[in-house]
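Protein sequence lines correspond, in order, to chains A and B.
Heads up, the first sequence is in our numbering, so the first residue is 205 and it goes up one at a time.
Heads up, the second sequence is in our numbering, so the first residue is 5 and it goes up one at a time.
Mixed in with the good hints, there may be bad ones.
Claimed, not checked - With the Cβ distance kept under 10 Å, some of the chain A side facing chain B (calculated, not the full set): (1) 263; (2) 264; (3) 280; (4) 284; (5) 309; (6) 321; (7) 452; (8) 462; (9) 472; (10) 489; (11) 520; (12) 801.
Said to hold, decoys possible - Derived CB-CB ranges, DEER-like: (13) 502/B with 761/A: 35 to 41 Å; (14) 433/A with 208/B: 46 to 52 Å; (15) 554/A with 345/B: 41 to 47 Å; (16) 436/A with 544/B: 33 to 39 Å; (17) 578/B with 436/A: 57 to 63 Å; (18) 219/B with 265/A: 51 to 57 Å; (19) 433/A with 349/B: 49 to 55 Å; (20) 234/A with 190/B: 24 to 30 Å; (21) 703/A with 279/B: 49 to 55 Å; (22) 349/B with 667/A: 31 to 37 Å; (23) 809/A with 378/B: 43 to 49 Å.
If you're looking for bench data, these hints aren't it; they were derived computationally from the structure.
In this text, a Cβ means the ideal position worked out from N, Cα and C, and glycines have one as well.
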Amino acid sequence: MNEQQNNTIHHLKWFGLPRLMPYLRPYLWIFVSMIILGLLTGLVDIVMPLFQQYAINHFVAENTYNGIWIFAIAYALVLAAQVIMSCISCYQASYVETCVARDMRRQGFHHLQTLSFSYFNQNSVGYIHARIMSDTSRIGGTVTWDLMDGLWNMSYLVGAIFVMLRINWKLALCVIVIVPIVALASAYFQGKLVKLDRRIRETNSQITGKFNEGITGVKTTKTLVIEEKMDAAFRDTTNHMKQISVHAAHFRALFQTVISFAAYLAISIVLWRGGIITKEGLMLVGTLSVFLNYAQGMMNPVQWVVRAMSDMITVQVNIERFTALMDTESNVVDRPEVIEKYGDTFNPKVENWEPMTGDVEFRDISFQYPDGEEMVIEHFNLTVPAGNTVAIVGQTGAGKSTLVNLLCRFYEPTAGQVLIDGKDIRERSQLWLHSNLGYVLQTPHLFSGTVLENLRYGNPNATMEQIEAACRLVSADKVIARMDGGYNAQVGEGGDMLSTGEKQLISFARAVLADPRLFVLDEATSSIDTVTEQLIQDATQKLMEGRTTFVVAHRLSTIRSADVILVVNGGKIIERGSHEELMARKGHYYSLYTRQYAEENTRAAWQGA
Amino acid sequence: MNHSKESRAKLLLRLVKGSMRFFVASILCMAIMSLSEMIVPQVISMTVDSVIGERPLEMQSYLRVPLEALGVDIAALPAYFSQRLWALSLVVAGLALLSAVFRYAATLATNKGSETLVKNMRDKLFTQLQKLPFQWHNQNQTGDLIQRCTNDVDMVRNFVSMQLISVFRIVIMMCLSISFMFSLNARLAWVAVAAVPIIIAYSTIFRLKIEKYFFEYDENEGKLSAIAQENLTGVRVVRAFGRERTEIEKFEAMNQLCTKLSLRLSKLMSLFWALGDLVSGLQVMLILVLGTVFTVRGEMSTGNLIAFISYNGMLTWPVRELGRVISEMSKAGVSISRVGHILSSQIEQDAPDATEDPIQGDIKFENVSFSYDGENTIIDNVNLTVPQGKVLGILGGTGSGKTTLMLLLEKIYAPTEGRITIGGKDIAQMRTSWVRRHIGMVLQEPYLFTGTLQENISITQPEATLENVRAAARIACLDDNVQGFAKGYDTIVGERGVTLSGGQKQRSAIARMLMQHTPIIVLDDSLSAVDAQTDAKIRAALNRSFGDATVIIISHRITTLMRADKIVVMDSGRIVQEGTHETLSQQEGIYRRICGIQEAVREEETQ
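Chain A on its own, in the form it takes in the complex (with noise of 0.2 Å):
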């Protein structure tokens, strides 16, 4: 979806190279050391043919070998310093490249973790990673290697039409107006074929989209009896594919004809005029040569130089995104004085703290979505005091994360505040508010590496001990002890080796070890098998005990157990109380509890049956 909006190629002042210079300065002078020695290189490449010339018209043509042997070594002499030039600077544009890349993703991550929930709300996981990964790395390799290729390419064509207006001007003239006629092709083709390529790029995207719907619609498709229609409409695609691939292949067979023929163009044009000068005896044979040589050795460049420059032209697309991102600024920032006082996320000064009570007040809050329409929440009041519970009801796709979203300061209200122990928590740190806060969510979220690294994740200073301790609690140690590896076991990326159950645990056991005060638990509504399911809810309500918990609920124990219970629907808290009253209206909680009740119950009587 977002490859649409950036279909158009921007133009930034430079090619963009000043918003890149914070990332270039650090390399500032191998990045110099690379173009010089890249120019040279060039030039020294223009010095090689004259070899030729010196063999054929001193030694040929005088018809002796004295000297020979300083002329060999002479060539071996600029032959190496060729290629330890050659050799420097390349390793010096994959250094640069490496490096900046690098420097890019490291800062571009770090500005992640700055980065307020709208943003992650209204940018894909794709979208992101595409920023900090692909644009790092094509912006790193587009400034060094394109700029070198360029510039080499560049030096060699300028030194070449040097030396030849050198020898023979008139000779030269001859060649160079070939030059710009190949540069203009060049840019015809290479602008044509950069976008037949974003057309490519779209239609094997939709084949790619195609094959997913053929294999994960494959019952579907059985029972209907379409298998046809679907492989006509896949034909389709790939048809269109195959059509345009031809054309831009079309293009490309014509772009290279172009080169070839200009160069051969150029040596026939050298060996009739040059001919008849050398004919003429103003010019000798190795003269000659070494102008044909020149004339068909400079089209080659003029087409790398168009190349780099459309490389150069193409990537302002991923520098502007790659610096939209790093302009984007978090819109739940810390003021300075709370900063001064608490310290940052990165540098926080713990001896500051205070510890929390657990008071949870929500004061006259209204609340609109950054990117939304309507206030969800008006003129909102609750108070929950320290060890309570309150339960969130409602559908799914209701809204019932609002709450917990502002509690946890991943939003800011629109209006109003929310305090804790009685102070607005925008008078204290994220990170206070954060390590004070277990967060188990609907779907369990592990990291790749090991259990007891994701235990560690809700204190990395827990002991064996404390880790132990909180595992039996919520009973994680009987499914750590079957795993193979026990504590260390891998549990894969996201924790796709566990299932969802074992994962489940496993983030109780890390929010007991974060031993917080708040406690915002998203119970999940997959049905897991009979054992855990109970291991789990007897788990949530040994972590529910003298903490003031949110819980955005489906299990009916859960929500029965509540203090308060809160129904909401469309976004908006509709009703709010405790279960018997709310029993007792018989209104929007009445009906989604019997539901609820029935739903639960007809699941249990199957499993007793």
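Place chain B on chain A using the hints.
The following block gives chain B in isolation, referenced to the frame of chain A:
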């Protein structure tokens, strides 16, 4: 090992079949192109020696013979061209044009071949995937299959259209330039050729090392990418635990490792290129120096020296390429096998004498059992009759086998024991598509394809009008919703379109099924995401439109099933109770228990 390689080659041959002619044409064009380019140095050489210089014209026999056959007086040529140098330059330009035309043709042919190849591969894969049995799909992961259909297909394409073709081109270039060199001066040619094995051996060895380094780097870059990915998907956890610093440290450590590995790779690459430059540079130097000496000694002419140097330049580049191509080719074998895994799996196939018996009469399950693996029984000896035109309700818990039973009827799976008959005819003897076309089935989790809502509903009836579609949608209680959409029935749905709610999806699937007008209808828990009132409304509308169709409804809601002509209760793959709502409500058993539990809901619904 040998066997698998042989089948790989066979498979490759099968894949390349349709595009072979393009590749052959491309290689032929390349040969002509190279040949005409290779004649240019000869022309230059003759010009330098005999037109500009005074040497008598020595022409190679492959040029002399055809020219003489055309009646050209070879000896008079130098004098002729000496007055008309432009004509010689026209000869060069003509050769250039010839080579340009064939270069164009070769590039185009390669690309056409490559695009045809990739299209054929993709089409074959897609068709195959549609035809493979559902059980096969169950055993293979979507992500992995897509990798095979995209990355591996590209690898195979590159192997054929880039690497294989490159090898041919390189060999042609090498053969031509070497033979031209030998015709000019055999001794010098031996010197030039001596470097070839050195360069190939050296670049192949280097490549292997580079490959190893690259693999390590690539693996760690994957890890870095995964860390970023996890951080983004787990952003809530990171923030809630205040672990930003740990995350940055973790990322930075891997970032540094990647940088280190990348620089190690760059160092090797720079060295590789520099050494390659050095070796081929020295070879060029040797040829220049020795050639000069030979020329001074009178063993070859100046023109020949210039031509020889040109040919040598045409030799060194392809030789250096060869090392790269060889190392890349080794990777393709795995991809061919991975694509082969899909293409050589057994597809759903009817017996050649499969029948198309009329689908009417009672549906009978006779001693039907089913198991995926032969160990865990999913369906255990089910005997059941569904009389034609009647409604059967199935009540069952998760994993009771009720859905599997329906998939057996639909021939998605085949019973391991027993048989299913319709009107007394075993469905196993009937054509699969015939059976499926006569059963309208709404799956538990319906799938909508990317396209408009209208396209989705009328997917089985392309000629249906919007009015037909709306009629079906009205029965499914979907029409009102759709009228609320800005684009109505033109709203794009599916993975790349608007996300519909679970209930809207289910109702779209019901409308889609209604378009089929089948004699048998199966609703597999198809109203679970719809609220109770709408559920009741849809059921009423459905009842009116079913006509004389045989209907099977699966649900966990009593209200959905209670009006069925017959109700069976399934548990652990077996039928545990059978009767009508009235009889089952009287009986002691699970049906009555669940009835009791859901009573409150029923009361609320009827209010």
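Practice task
Output the numbers, in ascending order, of every earlier hint that fails for this structure.
Solution key: Failing hints, ascending: 11, 15, 17, 19, 20, 22 and 23.
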